[in-house]
Amino acid sequence: MADAVGYITMGGVFAANMTGNTVLAGIDLAAADYVSAWHHLTPLVSFLAGAMIARVLLRLLRSPVVGLLVEATLIAGVGFLNIGEESAVMIVALAMGIQASSITAFAGSAISTVVVTSTLARTADAAVDWLWPGAGAKPPTAASALLMTLTWTGYLAGAVIGAMLVARMTYPLLVPAGLLLVVLLLELTKPRPTSAA
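According to this note's numbering, the stretch in the sequence shown is residues 1 to 197, in order.
Think of the hints as simulated: they come from the structure by calculation, not from any bench.
Keep in mind that the hints are not guaranteed to be accurate.
The calculated label-pair distances, taken between Cβ atoms and stated as ranges, are [as the list claims (entries may be wrong)]: (1) Leu81 / Trp38: 21 to 27 Å; (2) Trp132 / Tyr171: 45 to 51 Å; (3) Leu131 / Thr104: 26 to 32 Å; (4) Gly154 / Val35: 16 to 22 Å; (5) Val128 / Glu85: 23 to 29 Å; (6) Met169 / Val128: 25 to 31 Å; (7) Gly11 / Leu60: 31 to 37 Å; (8) Gly136 / Thr73: 45 to 51 Å; (9) Gly134 / Arg62: 36 to 42 Å.
Just so we're clear, the structure is a prediction, and the values are computed from it rather than from any experiment.
We put the CB at the ideal spot given by N, CA and C, even for glycine.
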């Protein structure tokens, strides 16, 4: 959702899709449009910094909660502040880098919440392994296959909703920031296993 809002409102630059920014920068460089190339390449630095910050927080705190809280705060801040396109892209890319490294697994399955290319490839692998069992590959669990499918579906739905929010809301980035806060509350209130004494 934040990526779609960012792309529409921040000059055609992705906040989370660094593959897209890299391809667009390459096209810009081939056309000798160095200013556009610069605008597509600078979010990569910010995304990388966000991912590094998340990794440090995970190592120190062993929980994604603080990283996701920082991400929600950054996205909400950009939603309210009139800071200009380039600064907004850099801040949202930083937030997306934090998300990319904070949420790397769900229910025991490796998952990416900011890009879907690798998820689609893993979904295809899982489909082949399920349709052609015994070829040396362990078939995926139904939950894992469903999670990969829901991840792609959620990404598409987020893009549709994000595009619709831009047309209908003054502060469309508040919606993904609010959703992150809901996820944080769910994480903070989920039952924890108790250790046997």
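Verification of the hints:
no., hint, in the structure
1, Leu81 / Trp38: 21 to 27 Å, "22 Å, holds"
2, Trp132 / Tyr171: 45 to 51 Å, "49 Å, holds"
3, Leu131 / Thr104: 26 to 32 Å, "27 Å, holds"
4, Gly154 / Val35: 16 to 22 Å, "34 Å, violated"
5, Val128 / Glu85: 23 to 29 Å, "43 Å, violated"
6, Met169 / Val128: 25 to 31 Å, "42 Å, violated"
7, Gly11 / Leu60: 31 to 37 Å, "35 Å, holds"
8, Gly136 / Thr73: 45 to 51 Å, "47 Å, holds"
9, Gly134 / Arg62: 36 to 42 Å, "38 Å, holds"
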